[in-house]
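Peer 1: Build the full structure now, drawing on both the sequences and the hints.
Listed here are the chains, written in short residue letters.
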Amino acid sequence: MADTADLHLKHLRSQSPAQELAPDQQTLELEPLDGADAATKGGRFSRRSFLSGLGATGLLAGAAPLAAAAPAIEPVADESTDTAGSATVTLRINGKDYTLRGLDTRATLLDTLRERVHLTGTKKGCDHGQCGACTVHVNGRRVNSCLSFAVMHEGDEITTIEGLGQPDNLHPMQAAFVEHDGYQCGYCTSGQIMSAVALLKEPIGPTDEDIKSAMAGNICRCGAYTNIVAAVRQVRA
Amino acid sequence: MQTFNYVKATSLDKALAGASAGKFIAGGTTLVDLMKLSVEQPGALVDINLLPLDKIEKLPDGGIRIGALVRNSDLAWNADVKERYAVLSEALLSGASPQLRNMATTGGNLLQRTRCAYFREPSAGTPGGYGCNKRTPGSGCAALDGFHRTHAILGTSDHCIATHPSDMCVAMAALEAVIHVEGPKGKRTIPIGEFHKLPGDTPNIENALEPGELVTYVDLPKPIEGSRSVYLKLRDRASYEFALASAAVVAKVEGGHIRYVRVAMGGVGTKPWRSHEAEAELTGKSADAAIFRKAAEAALAAARPRADNAFKVELAKRCLVRTLKLATA
Numbered sequence: 001m002a003d004t005a006d007l008h009l010k011h012l013r014s015q016s017p018a019q020e021l022a023p024d025q026q027t028l029e030l031e032p033l034d035g036a037d038a039a040t041k042g043g044r045f046s047r048r049s050f051l052s053g054l055g056a057t058g059l060l061a062g063a064a065p066l067a068a069a070a071p072a073i074e075p076v077a078d079e080s081t082d083t084a085g086s087a088t089v090t091l092r093i094n095g096k097d098y099t100l101r102g103l104d105t106r107a108t109l110l111d112t113l114r115e116r117v118h119l120t121g122t123k124k125g126c127d128h129g130q131c132g133a134c135t136v137h138v139n140g141r142r143v144n145s146c147l148s149f150a151v152m153h154e155g156d157e158i159t160t161i162e163g164l165g166q167p168d169n170l171h172p173m174q175a176a177f178v179e180h181d182g183y184q185c186g187y188c189t190s191g192q193i194m195s196a197v198a199l200l201k202e203p204i205g206p207t208d209e210d211i212k213s214a215m216a217g218n219i220c221r222c223g224a225y226t227n228i229v230a231a232v233r234q235v236r237a
Numbered sequence: 001m002q003t004f005n006y007v008k009a010t011s012l013d014k015a016l017a018g019a020s021a022g023k024f025i026a027g028g029t030t031l032v033d034l035m036k037l038s039v040e041q042p043g044a045l046v047d048i049n050l051l052p053l054d055k056i057e058k059l060p061d062g063g064i065r066i067g068a069l070v071r072n073s074d075l076a077w078n079a080d081v082k083e084r085y086a087v088l089s090e091a092l093l094s095g096a097s098p099q100l101r102n103m104a105t106t107g108g109n110l111l112q113r114t115r116c117a118y119f120r121e122p123s124a125g126t127p128g129g130y131g132c133n134k135r136t137p138g139s140g141c142a143a144l145d146g147f148h149r150t151h152a153i154l155g156t157s158d159h160c161i162a163t164h165p166s167d168m169c170v171a172m173a174a175l176e177a178v179i180h181v182e183g184p185k186g187k188r189t190i191p192i193g194e195f196h197k198l199p200g201d202t203p204n205i206e207n208a209l210e211p212g213e214l215v216t217y218v219d220l221p222k223p224i225e226g227s228r229s230v231y232l233k234l235r236d237r238a239s240y241e242f243a244l245a246s247a248a249v250v251a252k253v254e255g256g257h258i259r260y261v262r263v264a265m266g267g268v269g270t271k272p273w274r275s276h277e278a279e280a281e282l283t284g285k286s287a288d289a290a291i292f293r294k295a296a297e298a299a300l301a302a303a304r305p306r307a308d309n310a311f312k313v314e315l316a317k318r319c320l321v322r323t324l325k326l327a328t329a
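Just so you know, the sequences run in chain order A and B. In this text, residue positions in the first sequence follow the working numbering: the first is 1, and each later residue adds one. In this text, residue positions in the second sequence follow the working numbering: the first is 1, and each later residue adds one.
It should be emphasised that the hints constitute simulated quantities derived from the structure, not laboratory data. Warning: the hint list may mix true and false statements.
[Claimed, not checked] For the chain A half of the interface with chain B, some residues (derived, Cβ under 10 angstroms), not all of them:
| # | residue |
| --- | --- |
| 1 | S86 |
| 2 | T135 |
| 3 | V138 |
| 4 | N144 |
| 5 | M152 |
| 6 | I204 |
| 7 | T207 |
| 8 | N218 |
| 9 | I219 |
[Said to hold, decoys possible] Lysine-lysine pairs mimicking DSS-like chemistry, simulated, CA-CA at most 27 angstroms apart:
| # | chain 1 | residue 1 | chain 2 | residue 2 |
| --- | --- | --- | --- | --- |
| 10 | B | K187 | B | K14 |
| 11 | B | K58 | B | K187 |
| 12 | B | K325 | A | K201 |
| 13 | B | K36 | B | K197 |
| 14 | A | K96 | B | K8 |
| 15 | A | K96 | A | K212 |
| 16 | A | K201 | B | K82 |
| 17 | B | K36 | B | K23 |
| 18 | B | K185 | B | K252 |
| 19 | B | K82 | A | K212 |
| 20 | B | K185 | B | K55 |
| 21 | B | K36 | B | K187 |
| 22 | A | K124 | B | K187 |
| 23 | B | K55 | B | K36 |
| 24 | B | K197 | B | K222 |
| 25 | B | K185 | A | K201 |
| 26 | B | K82 | B | K294 |
| 27 | B | K325 | B | K285 |
[Claimed, not checked] Label-pair ranges, simulated between beta-carbon atoms:
| # | chain 1 | residue 1 | chain 2 | residue 2 | range |
| --- | --- | --- | --- | --- | --- |
| 28 | A | C185 | B | T10 | 15 to 25 angstroms |
| 29 | A | L170 | B | E176 | 16 to 26 angstroms |
| 30 | B | L12 | A | Y225 | 41 to 51 angstroms |
| 31 | B | A307 | A | K96 | 54 to 64 angstroms |
| 32 | A | H128 | B | D308 | 41 to 51 angstroms |
| 33 | B | R235 | A | Q184 | 20 to 30 angstroms |
| 34 | B | Q41 | A | L170 | 39 to 49 angstroms |
| 35 | B | Q2 | A | T99 | 48 to 58 angstroms |
| 36 | A | T90 | B | G200 | 40 to 50 angstroms |
| 37 | B | G43 | A | C222 | 40 to 50 angstroms |
The C-beta atom is built at its ideal place from N, Cα and C for all residues, glycine as well.
Peer 2: The following block contains the structure:
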């Protein structure tokens with residue numbers, strides 16, 4: 001594999017520095033432009049818009065915008081109009097209404113949360129309902145947001161990890177995950193916590209085996225399972 | 001994913017009227033997954049989640065009526081189902097994950113599609129892709145001589161050996177469920193044994209639904225007085241995995257003899273596999289290990305294993321023997 005890696009590096013080197021892009025060409029367009037505009041309205045930045053703008057602004061921006069990144073952006077509508085295969089839908093997420101115009105009917109709830117509403121705490125893992133990283137609550141029940149189209153959720157109460165707690169006011173399950181080190185890389189963690197909070201209201205048995213079985217829809221590739229069970233056990237107690 | 005138009009049906013009539021344009025969507029756990037893989041490419045989706053089909057009701061004759069939109073978790077945790085149809089509750093809770101069970105519906109589970117990896121391959125059945133007669137009739141079956149460790153050994157044909165993946169349907173086969181459908185030509189009922197189709201030379205036709213028909217309810221008859229039911233599922237890991245072999249048994253034993261028995265198997269058939277052969281070996285006989293083994297031999301007598309799934313023959317027999325033991329203990 002070293003050969004491949006070396007080739008890969010050579011490939012990269014061949015582009016640099018001769019083909020370096022002008023600063024204004026370096027912005028990663030991870031989001032629709034309207035979304036980026038929205039993120040800067042009222043002088044607020046989302047963490048994503050900040051990061052995707054790094055190429056242009058360099059590191060001069062320092063840490064100040066990050067400190068302002070915590071508040072969620074205001075719900076805003078973009079200006080696209082509905083055509084075949086698109087719809088206008090109002091989603092109620094974490095107690096706030098978001099009207100999304102021109103939403104592609106193919107957009108999953110997961111992609112809509114991340115790319116349109118910029119609530120990126122919900123993660124995309126397998127995108128086929130097999131890993132649980134995308135777990136959110138719909139009307140109080142846990143579901144895989146990757147296997148549902150956003151247009152199907154008008155009128156539903158959607159709760160994401162951002163709606164569960166905040167850094168200065170953690171949900172008891174979030175605090176227990178911190179206390180018991182219920183993660184390593186953290187990528188599956190928001191899904192694990194959404195599942196763990198949901199199971200508190202489900203009619204499952206009292207044992208660790210019951211916890212494991214109820215958490216079976218959330219895969220942790222780092223293998224933090226023992227600590228996750230400890231965290232859930234503590235909150236159930 | 002191909003673009004589609006989306007309609008939310010506010011009544012059954014409106015849902016049926018929109019049916020010709022595309023497909024119904026309820027939980028979406030199979031359909032959305034397969035749309036991402038280009039296996040399903042509907043031009044329109046008719047969302048039926050607002051229809052009033054989400055209740056579990058008692059029938060006057062002592063049975064129950066399950067609305068097509070009842071979620072798998074609600075059905076599994078229903079007190080009456082746990083008490084009187086334990087095999088169904090156990091089967092549901094052995095399937096998928098808690099999140100998926102919160103989404104998946106009763107009607108959708110009846111229409112769950114196979115996990116055959118060739119069928120799920122985006123280019124299967126297209127020029128240059130794997131052969132899949134389910135995707136494109138006449139394109140061949142790559143599983144016959146490919147990776148088929150998890151494939152069916154009962155009800156197969158030279159055109160398709162895809163396993164039916166549902167646990168719920170296996171329990172419903174043993175419970176002799178009756179499926180209510182409604183469509184352009186009105187209402188009708190279909191016994192579960194006639195709902196799913198054997199692949200034969202038309203593996204693309206998976207069930208008895210006519211175009212535009214919608215599953216509305218599933219009726220379960222009143223349980224036989226004094227009977228007991230059990231679901232046992234064997235798989236590669238203890239949770240969140242499809243069956244290699246499973247068995248659903250409803251049995252009533254009196255004076256050491258089997259007075260009533262219904263046997264269905266999962267993970268081994270191209271459809272939820274009711275075994276009349278096993279039932280014939282068991283009915284009226286004493287509930288002992290030798291009879292159970294004889295019934296298991298009868299259930300698998302017609303098995304047509306291939307190179308990689310031959311282990312399922314013995315696994316399924318042992319699974320059935322164990323389930324019979326549990327149900328008659």
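Peer 1: Now tell me, hint by hint, if it's right for this structure.
Peer 2: Hint check results:
Contact between A/S86 and chain B, as hinted, is supported at the beta carbon level, the nearest pair being about 9 angstroms apart and thus within 10 angstroms. Nearest Cβ of chain B to the Cβ of A/T135: about 6 angstroms, under the 10 angstroms cut. The hint holds. Taken as an interface hint, A/V138 checks out: its beta carbon lies about 8 angstroms from the nearest beta carbon of chain B, inside 10 angstroms. Against a cut-off of 10 angstroms between C-beta atoms, the interface hint on A/N144 holds, since the closest Cβ of chain B lies about 5 angstroms away.
For A/M152, the interface hint holds, since its Cβ comes within 10 angstroms of a Cβ in chain B; the closest pair sits about 6 angstroms apart. With its C-beta approaching chain B no nearer than about 9 angstroms, A/I204 sits inside the 10 angstroms limit, and its interface hint holds. Hint on A/T207 is violated. Least Cβ distance to chain B is approximately 14 angstroms, over the 10 angstroms limit. The closest approach between the C-beta of A/N218 and any C-beta of chain B is roughly 8 angstroms, which is under the 10 angstroms cut-off, so the hint is satisfied.
Hint status for A/I219: holds, given a least beta-carbon distance of 9 angstroms to chain B, under 10 angstroms. Between B/K187 and B/K14, the direct Cα distance comes to roughly 15 angstroms. Compliance with the 27 angstroms bound is thereby established for this hinted pair. For the hint linking B/K58 to B/K187, the alpha-carbon distance of about 20 angstroms falls within 27 angstroms, and the restraint holds. Between B/K325 and A/K201 the CA atoms are separated by roughly 34 angstroms; this puts the pair beyond 27 angstroms, and the hint is violated.
Proposed proximity of B/K36 and B/K197 is supported: the alpha carbons are some 26 angstroms apart, at most 27 angstroms. Annotation: proposed proximity of A/K96 to B/K8 holds, straight-line Cα distance about 23 angstroms (limit 27 angstroms). With a C-alpha separation of about 33 angstroms, the suggested pairing of A/K96 with A/K212 is violated against the 27 angstroms cut-off. A C-alpha spacing of about 18 angstroms is found between A/K201 and B/K82, which places the hinted pair at or below 27 angstroms, so the restraint holds.
For a cut-off of 27 angstroms, the pair hint linking B/K36 to B/K23 stands: about 15 angstroms separates their Cα positions. Taken as a hint, the B/K185 and B/K252 pair is broken in the structure, with Cα atoms around 40 angstroms apart against an allowance of 27 angstroms. Under the criterion of a C-alpha separation no larger than 27 angstroms, the hint pairing B/K82 with A/K212 is consistent with the structure, at around 21 angstroms. Straight-line distance between C-alpha atoms of B/K185 and B/K55 comes to about 25 angstroms, which keeps the hinted pair within the 27 angstroms bound.
About 33 angstroms separates the Cα atoms of B/K36 and B/K187, which puts this hinted pair outside 27 angstroms; it is violated. Restraint check: the Cα-Cα separation between A/K124 and B/K187 comes to about 42 angstroms, which exceeds 27 angstroms; the hinted pair is violated. Annotation: proposed proximity of B/K55 to B/K36 is violated, straight-line Cα distance about 30 angstroms (limit 27 angstroms). Distance check on the hinted pair: B/K197 and B/K222 sit about 26 angstroms apart at the alpha-carbon level, within 27 angstroms; holds.
Of the pairs offered as hints, the one joining B/K185 and A/K201 is violated, with about 43 angstroms between alpha carbons and a cut-off of 27 angstroms exceeded. Taken as a hint, the B/K82 and B/K294 pair is broken in the structure, with Cα atoms around 30 angstroms apart against an allowance of 27 angstroms. Straight-line distance between C-alpha atoms of B/K325 and B/K285 comes to about 14 angstroms, which keeps the hinted pair within the 27 angstroms bound. Checked against the given bound of 15 to 25 angstroms, the beta carbons of A/C185 and B/T10, roughly 45 angstroms apart, lie outside it.
Distance hint for A/L170 and B/E176: a CB-CB separation of about 51 angstroms, inconsistent with the stated range 16 to 26 angstroms. The hint said 41 to 51 angstroms for the Cβ distance between B/L12 and A/Y225, and at roughly 45 angstroms that hint holds. As the Cβ distance of B/A307 to A/K96 is approximately 57 angstroms, the hint placing it in 54 to 64 angstroms holds. Restraint check, A/H128 to B/D308: a C-beta distance of roughly 24 angstroms breaks the suggested window 41 to 51 angstroms.
A hinted range of 20 to 30 angstroms holds for the C-beta pair B/R235 and A/Q184, which are about 27 angstroms apart. Between B/Q41 and A/L170 the beta carbons are some 44 angstroms apart, a value that agrees with the proposed interval 39 to 49 angstroms. The supplied range of 48 to 58 angstroms is broken by B/Q2 and A/T99, whose beta-carbon atoms lie about 26 angstroms from each other. Distance hint for A/T90 and B/G200: a CB-CB separation of about 48 angstroms, consistent with the stated range 40 to 50 angstroms.
Judged by the Cβ atoms, the range 40 to 50 angstroms given for B/G43 and A/C222 holds: they are separated by roughly 42 angstroms.
Figure legend: structure checked against the earlier numbered hints; hints not met, in rising order: 7, 12, 15, 18, 21, 22, 23, 25, 26, 28, 29, 32 and 35.
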